[in-house]
Each structure stands twice: as C-alpha cells, then as structure tokens.
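Going down the list, the sequences are from chains A and B.
When we follow numbering that gives the first Met the number 0, the leftmost residue of the first sequence carries the number 0, and every step to the right adds one.
When we follow numbering that gives the first Met the number 0, the leftmost residue of the second sequence carries the number 0, and every step to the right adds one.
Don't read these hints as lab results, they were simulated from the structure.
Do not rely on the hints blindly, as some may be mistaken.
[Stated by the list, open to error] Below, in silico cross-link-like pairs of lysine-lysine (BS3-like), each with a Cα-Cα straight-line distance of 27 Å or less:
1. A:LYS204 x B:LYS131
2. B:LYS91 x B:LYS24
3. B:LYS131 x A:LYS195
4. A:LYS15 x B:LYS121
5. A:LYS15 x A:LYS195
6. B:LYS121 x A:LYS94
7. B:LYS121 x A:LYS204
8. B:LYS121 x A:LYS3
9. B:LYS121 x A:LYS195
10. A:LYS255 x A:LYS195
[Unchecked claim] Which bits of chain B does chain A cover? Going by a derived footprint, with three or more residues having C-beta under 8 Å, they are:
11. 109–123
12. 132–139
Backbone N, C-alpha and C fix where the C-beta goes; we use that ideal spot for every residue, glycine too.
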Amino acid sequence: MDWKGRDVISVRDFSKEDIEFVLKVAERLETELNEKGALDYARGKILATLFFEPSTRTRLSFESAMHRLGGSVIGFSSASSTSVKKGESLADTIKTVEQYSDVIVIRHSMEGAARLAAEVADIPVINAGDGSNQHPTQTLLDLYTIKRAFGRIDGLTIGLLGDLKYGRTVHSLAEALAFYDVELYLISPELLRMPKHIIEELQEKGVRIHETTDLEGTIPELDVLYVTRIQRERFPDEQEYLKVKGSYQVNCSVLKNAKETLKVMHPLPRVDEIHPEVDRTEHALYFRQVFSGVPVRMALLGLTLGVLEGV
Amino acid sequence: MAELKVTAIREGTVIDHIPAGKGLKVIEILRLNRPNGGVLLLASNVHSGKLGRKDIVKIEGKFLSEEEVNKIALIAPTATVNIVRDYKVAEKFKVEIPDEITGILRCANPNCVSNHEYTVSKFYVVSREPLKVRCHYCERTMEEEEILRNL
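Please put together the full structure from these sequences, using the hints given.
Set out below in structure tokens:
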C-alpha cells in the first residue's frame, strides 16, 4: 500500500484497508520500539508542527513519535507567535514552512484548515484537529487501543458518552467504527445528541444504534465506554453549556454493574467525568490510550514520509 | 392565439420552466446581470400548464456551458434549457444537478476555512432529492434551505 506523500486529513478519506494497514504498521513499530528502544527510520527528516491552536498533548505525542523515529522537529505551539498575527494567510504560512520540512502536522481552530493546507503543500500534511470537524489521528489511536485491548473490533458493543453534538472525536470514531461489525450506544443529554446526519449515515452503513440518556442502565451491555468531556469552548451559548455541565460522572458505583472486561476510554483531558478512583481499576484504559498515540503517529509519519518500506 | 409577452430571440438560450420567483436568482448565479452586449429578458409569474406559474429567462447571443446549465439545477431543478439558432430551438435539455459544485455556493458554517481564506468553494452532492451537499473543506452538510440562502 503506497502511502508516500499522502495527506491524512479526514476519516472520510480512509478505507477499512487503510485503517487496518496503519494499525498493523503501528503494532510492528511498537514491538520494534520495545525491542530496540529507539529507531532511525526518519533520520534526517524534519517534522513541522504548526499548532495555530494550543494542544499540548497532541503536539507532544507527534513530537515524541518523530523523535522515536529518529527524525527532528520544528514548529510553534500558538498562532500568537507567528506571522499570522501580521495578517499572513494560512496558505502562505504553509508554503513557507514546507521549504523547511518534510512533513507538516497542523492544528487549527477553523474547520477545513487542514484540507486547505494539504491543497497548497507539496509535502504530506497531517490533520491534528481542525475546529470541531476532524481529528483523524485520534480516531486511529482509539481504534488501535481497542484492538490491542480486545484483539479485535468486530463484535464489540461500544458506548459513546457525553458531548456527542460538538465532540469531533466521537464523530470521527463513530464514522470509522462503521467499517466494523459493532453495536453503538449513544449516551448523552438530550441537548447534546449526535447530529442527525451522522446517525443517518451510520444507519445507512448498517451500524446498530441505540440513543439514550441513561448511562447506568446501559453500562451492563458495553465492552467499551468511550467518555468525552463536555467542552465549554465548543458551545456557542454559555447558557446551553451550564444546562448540561456535569451531566455524567463515571465512578466505581456506576461501574458496579459493568462487565468485568469493560474498558473505559477517554481522549483526555478529563475534568470531572471520570472519577480518579476508576484509574486504579482494570476498567481504566485511558492512559494506555494516550500511549497508543505514539506508535500510531509514528506509523503515519513514517508512511507518509515513505521511510517505512519493509516494516 | 396567446399574446406574446416576451420577444423571441434570434440566437441564444431560453431557460424555461423556472419555478416562479426564481428567475432573478438564475440571472444572478449565471452572472447574467453584467453587461455582455446581448439582450436579457425575464418573464416572471407566467402561466404554466406544468408548474402553475413559472419564470422564463432569455439570453440573446449567449450559449450556456454544461457547467453553467447545471448550476441552475440547484435552484430550479424543473428548468429546461433551449438553445435557439435562427429563431428555432436547435437543442433542448433538462438541467441536472452535478456531482460537484464549485465556486457558486458559500459554506453556511461561519467557522469554515473557505469563509476566511482565499479558496474556491467546493461541495459534493450527497443527495439530490432532497438536495444535500457536503463542504469539501469543513465536511458540514447543507440542506436545501441553507443552500438557497448561500447561493
């Protein structure tokens, strides 16, 4: 499968084969990393991380992935320190940065910014989040985490909990899960239900979907509970946020009726939606999920740079 | 014999069966309101056996491209296009919604990059009936009402 020069912008651009291939390469890299400690596939290559919107976790994960591949990193972590402040267009910033680097990772508050960047750049562009639209590498690491924990994705019953209206991670994850034989429980307050067009799309693809507000009643059904934060910053209206703030909290009492094998995931950061007492249980998978970001992003960087032939 | 309210044209295009009230929008999206040397005629609220009331647009001296014709489909899916040569209809066809719509539609999402940076807007048609399109950039879906507001 030829990934050299390919952009990673949206889950919509992937086929199931693409996803499976990336997960397989990530798994091999993780094994190799465990054996050798450090790799040098990307020696001499430079990653530019353009974080027009701050996201420490995602940026560090990409930087760690590039360093572990033997490459180096340049970039910025907020637009305020760049020429954007002087009025430079996104296209010009991208055309400039591509002169200094071999691959670009972009995070931007505007939806579609990564697509535009990919159109103007001749080097591969990876979307690290564009507004409330897509975060494809998060989706891939979520799938990777599930696959590593269960050995499969097919046949699982997965609950998506929290802000299903504005949360881009759950939108992309649901779209990607549509490639698999899964049953989805969409658990949210009425005000934060999954957008109708996404539900329709999933149903057209044959996903069995249940919408509910009842977390405790649903818990016994689930193999995976994917929790999301209700993100104040995505709400156009503060009043709307206040109505739903703190709607759900996953704690040991909520989990008492869960399957022993239930895994709780969260893209992090969390605020109060998962109680720290859950961290000590076998259910907690969210820190392992953070780790998964490294091999998955190593795979994407290496593949798009074209340095992973033979892996 | 019915009274001829709009002059016949010698050479050009007649867009017929436009839903009543949409004729001006057709003129606008085809940018026919710019001086081009030819005569432009709009008949609005004309009796129609098929539609009840309809608009007709006649453009003298201009033959529309297929792409231009397809743009009309977004606001007037019932329209028919007649190519007139020497006062006679030389070709006649119905409009069709294209698979991709570029340059004529603005994204309804205020946070879409296409509304802030220099881009040519592009949408993919997700469904024709009812009309639904998806923005190439922000991937947001727009339905008929929003499409008409953003043409």
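Taking the hints in turn, this is what the structure says about them:
Note on LYS204 (chain A) and LYS131 (chain B): the hinted pairing holds, with a Cα-Cα distance of about 18 Å set against a maximum of 27 Å. For the suggested pair LYS91 (chain B) and LYS24 (chain B), the alpha carbons sit about 21 Å apart, so the restraint of at most 27 Å is met. Taking the CA atoms of LYS131 (chain B) and LYS195 (chain A), the gap is about 13 Å. The hint holds against a cut of 27 Å. Taken as a hint, the LYS15 (chain A) and LYS121 (chain B) pair is honoured in the structure, with Cα atoms around 26 Å apart against an allowance of 27 Å.
Restraint check for LYS15 (chain A) and LYS195 (chain A): satisfied, since their Cα atoms lie roughly 23 Å apart, inside the 27 Å limit. Annotation: proposed proximity of LYS121 (chain B) to LYS94 (chain A) holds, straight-line Cα distance about 21 Å (limit 27 Å). Simply put, LYS121 (chain B) and LYS204 (chain A) have alpha-carbon atoms about 25 Å apart, close enough for the 27 Å limit, and the pair holds. For a cut-off of 27 Å, the pair hint linking LYS121 (chain B) to LYS3 (chain A) stands: about 26 Å separates their Cα positions.
Only pairs whose Cα atoms come within 27 Å are accepted, and LYS121 (chain B) paired with LYS195 (chain A) is accepted, the gap being roughly 23 Å. As the CA atoms of LYS255 (chain A) and LYS195 (chain A) are separated by approximately 32 Å, the hinted pair breaks the 27 Å bound. Only when three residues or more bring their CB closer than 8 Å to a CB of chain A does the claim for the segment 109–123 of chain B stand; here the count is 8, and the claim holds. Check result for the segment 132–139 of chain B against chain A: holds, 6 residues qualifying (beta carbon to beta carbon below 8 Å, three or more required).
Of the numbered hints listed earlier, the single one contradicted by the structure is hint 10.
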